[in-house]
Amino acid sequence: MSDKEKTEAEKELATKNVRLVIILGLIAFGFYVGIFLMYS
Amino acid sequence: MSYAAVHDDHHDHDHKPTGIGRWLFSTNHKDIGTMYLVFSLIMFFVGGAMAMVIRLELFQPGMQFVDPQFFNSMTTVHALVMIFGALMPAGVGLANWMIPIMIGAPDMAMPRMNNMSFWILPFAFTLLLSTFFMQGGAPAGGWTMYPPLVLQLGDGFPFLIFAVHFLGISSIMGAINIIATVFNMRAPGMTFMRLPLFVWTWIITAFLLIASMPVLAGAVTMLLTDKFFGTAFFDAAGGGDPVLFQHVFWFFGHPEVYILVLPSFGIISQIIPTFARKPLFGYASMVYATASIAFLSFFVWAHHMFAVGMPLTGELFFMYATMAIAVPTGVKIFNWTATMWKGSMTFETPMLFSIGVLFMFSLGGFSGLMMGITPVDFQYHDTYFIVAHFHYVIVPGIIFGVIAGIYYWLPKWTGVMYDETLGKWHFWLSTISVNVLFFPMHFIGLAGMPRRIPDYSTQFADWNAIISIGGFVFGFSQLILVWVVIKCARGDGEKATDQVWEGAHGLEFTLPSPPPFHSFTTPPEVTDATAHS
Chain A
153 MSDKEKTEAE KELATKNVRL VIILGLIAFG FYVGIFLMYS
Chain B
4 MSYAAVHDDH HDHDHKPTGI GRWLFSTNHK DIGTMYLVFS LIMFFVGGAM AMVIRLELFQ
64 PGMQFVDPQF FNSMTTVHAL VMIFGALMPA GVGLANWMIP IMIGAPDMAM PRMNNMSFWI
124 LPFAFTLLLS TFFMQGGAPA GGWTMYPPLV LQLGDGFPFL IFAVHFLGIS SIMGAINIIA
184 TVFNMRAPGM TFMRLPLFVW TWIITAFLLI ASMPVLAGAV TMLLTDKFFG TAFFDAAGGG
244 DPVLFQHVFW FFGHPEVYIL VLPSFGIISQ IIPTFARKPL FGYASMVYAT ASIAFLSFFV
304 WAHHMFAVGM PLTGELFFMY ATMAIAVPTG VKIFNWTATM WKGSMTFETP MLFSIGVLFM
364 FSLGGFSGLM MGITPVDFQY HDTYFIVAHF HYVIVPGIIF GVIAGIYYWL PKWTGVMYDE
424 TLGKWHFWLS TISVNVLFFP MHFIGLAGMP RRIPDYSTQF ADWNAIISIG GFVFGFSQLI
484 LVWVVIKCAR GDGEKATDQV WEGAHGLEFT LPSPPPFHSF TTPPEVTDAT AHS
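Going down the list, the sequences are from chains A and B.
Mapping to this note's numbering: the first sequence position 40 is 192, numbers consecutive.
Mapping to this note's numbering: the second sequence position 97 is 100, numbers consecutive.
Next up, chain A with everything else stripped away, as it sits in the complex (with noise of 0.2 Å):
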């Protein structure tokens, strides 16, 4: 489906699920980031 076919609702549920896989994204690397430093 192109974006046109789009309703508001699917685009704004789509925004909101890209934001979630962002922030979880960042929390893992975090912490993958975080161990390495931590004993650097």
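It is worth saying that the hints were derived from the structure and are not from the lab.
Incorrect hints may have been included.
Looking from chain B toward chain A, a few residues come up when the C-beta cut is under 8 Å (computed) [said to hold, decoys possible]:
hint	residue
1	M113
2	A214
3	G221
For clarity, every value in this text was computed on a predicted model and none was experimentally measured.
Glycine is no exception: its CB is placed at the ideal position from the N, C-alpha and C atoms.
Assemble the complex: chain A is given as a structure, and chain B must be docked to it using the hints.
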């Protein structure tokens, strides 16, 4: 909109891609779930073949078939393949298939990321298994990759490290996807306390993955820099500490046990109420117990390494924390038993495997409590008693749970009932052989037989022969499962109804069997009547 109307809508738009592209570029949660499950089954047999080599060599004392280095590679890669290639993908595969249709979502939140999470796996295992053909051979220092031993690995070392990184990335992406799906894409009325237990266990598992996998990735990155970039994180000569690796590894490693076992708990929490024809006893306490187990799992890691020596306060802390985990686990065992109590029970194959989990996981749990007692652990450490313990947790505790889930949902996936006679043969052969395989390991472990050795004293010969026979029977029994799955996939069997099982509840059982390629494109309204709880 009624469910019947929703179904009509699905059939109108049930266009499937065709050819190899359907699988390579799939963004459909059912197809990706199927690929995860097939990959897991293949890895189960690859890891199982390595277990057969181990048991063949240990059938008699003395060196018969393989050299010690290859034997060590077998024990190491068997564990890596089973944990990261068979068990974790099986859990993610079931999550992919079932979570969207259990919560009334049309698909996973990030379907393209879902595709990538899966296709990383074959790539990572190609890296790992290719080490068998390299100078220095495959990893042989144990799946725990302890330095300095692991640093002695030859050309395969960076391949091992990159494989672990890729497996971690795949798991984290899968976990994030599951959280986003459950948090943002539940159908109207599907509140958190109406979620099926399988979904709850997966949310908690996903958070465990996000918190623990990066720690493993950090630890193995430090190994990589120690080997190639002159750092000394784990090198005592450079001011580092090899024991630090053990702490960091087990900070990942113990939650990993619950990453593997919680989805199995979720599966049997779906199955037992169905075949007891009663709602799950203590739904809320099951959710809180699962969360408690996950929380406590971050405070027990050093019980894996009492023998390295640590201050008495540390030993006491980790001993009591380990004991504490038995409390929420006991709550779950009690609730499953109470669900069956005075239920109108029948014993189809999924229920048999679930009861198997209940009994035999408890056995593994009890031996875990024994080795959680610090002074006693010094006796058990690095013996076959440990091998018996964790195999009771993993094989009848986790693999039986996954198998129960496969039998339970296979008619829903394929639209065909599996062969119940073959299922029962599979259960009884597996249950008898798994106990012949692992129970005597308690005896030889207590008698002092060390783990990870290709040869042993003649005093252990009889039990080892019996264990090996159990192993071969268990391994070959699993071919029954393959045959059952192939028969269903070919449509060979009685047509399954939409509800499949008389006592089944939940949104997934309101869909046709098999469900349409695109399901719940219009979200259903969830009420108490259609929710699991």
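Now the hints, each set against the structure:
no.: 1; hint: M113; result: holds, 6 Å
no.: 2; hint: A214; result: holds, 6 Å
no.: 3; hint: G221; result: holds, 3 Å
The structure is consistent with each of the numbered hints, conforming to all of them.
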